[in-house]
Amino acid sequence: MAKKISLREFQEHLAARLTIAAQGKASSALLGVQAGNDYWLLNLSDSGEIVPLPSLAPVPLTKPWFSGIANIRGNLYSVADFSALRGGEPTPMNASSRLLLVGTRHGSNAALLVTRMLGLKNPETLTSAPATEGPHPWEAERLVDADGREWKKLNVRALLADPDFMEIGA
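Just so you know, we're using this note's numbering here: the sequence shown kicks off at 990 and counts up by one.
Just so you know, the hints here were simulated from the structure itself, not pulled from any lab data. We put the beta carbon where it would ideally sit given N, CA and C, even for glycine. Check each hint, because a few of them may be wrong.
Unchecked claim - Computed cross-link-like contacts, SDA-like style, restricted to lysine to any residue with a CA-CA straight-line distance of at most 25 Å:
#	residue 1	residue 2
1	K1052	G1077
2	K1052	H1095
3	K1052	I1039
4	K1141	D1035
Unchecked claim - Across the chosen pairs, the derived CB separations fall in these ranges:
#	residue 1	residue 2	range
5	A1135	S1044	36 to 46 Å
6	R1138	P1049	51 to 61 Å
7	E998	N1060	42 to 52 Å
8	S1085	E1130	18 to 28 Å
9	E1139	L1033	13 to 23 Å
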C-alpha cells in the first residue's frame, strides 16, 4: 500500500522542487549508451524513447551503416547503426541491442541502433576531459567518470542536421 501524505506535505515538497528548478540547481541527468566500444551520453530531453530491437526491413542501395526501416507502433523510423556510422564494427543484433528514437522531438523519424543502454548518469560525477577535435560535428565534448572511463557527449540536433547522416544513399 502506498504511503499516505497530507496535502500540505505534498505542496511543500512540490514548492521546494520548483524553487530548486527555478534556481537552476536541479541536476539534469544524462542517458548513457554503448555503441561499439565507445560510451556516449545524451541529454535526457534529446534521448527520446528507447525500444527493444524490432525486425528491420532492409533498404537496398544505402550506406553500410544504414540498418533499415523499423515499424514502431505504426510509425516508420529510419535506423542508423551508430557504431558503423562512426566507422566502427556493426552492432550485433541481439537481446541487449536497443533502438534510441532520437529524432521525434526534432521532427524526424530517426533512430540509432546501439549496443546496449547503460542507464542514467549524474553529470555532477563527471569531469571534463581534454578537448580533442572529433571527426564529427555532433561529438559535443568528452567527459570522464570516477572509474576513468571516457564518455562522449552526443549533440542530437547537430547529428540530425549533419548532411552525411541525412544522406543514406550509397
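Going through the hints against the structure:
Between K1052 and G1077 the alpha-carbon distance is near 14 Å, which keeps this suggested pair within the 25 Å criterion. Restraint check for K1052 and H1095: satisfied, since their Cα atoms lie roughly 23 Å apart, inside the 25 Å limit. Between K1052 and I1039, the direct Cα distance comes to roughly 24 Å. Compliance with the 25 Å bound is thereby established for this hinted pair. Only pairs whose Cα atoms come within 25 Å are accepted, and K1141 paired with D1035 is accepted, the gap being roughly 15 Å.
Between A1135 and S1044, the C-beta spacing of about 39 Å keeps the proposed range 36 to 46 Å intact. Taking 51 to 61 Å as the suggested C-beta distance range, the pair R1138 and P1049 does not conform, at roughly 38 Å. The beta-carbon spacing between E998 and N1060, approximately 46 Å, falls within the hinted interval of 42 to 52 Å. A beta carbon spacing of about 26 Å between S1085 and E1130 agrees with the range 18 to 28 Å that was offered as a hint.
Evaluation of the 13 to 23 Å hint for E1139 and L1033 yields a pass: the beta carbon distance comes to about 20 Å.
Going down the numbered hints, you'll see the structure goes against just number 6.
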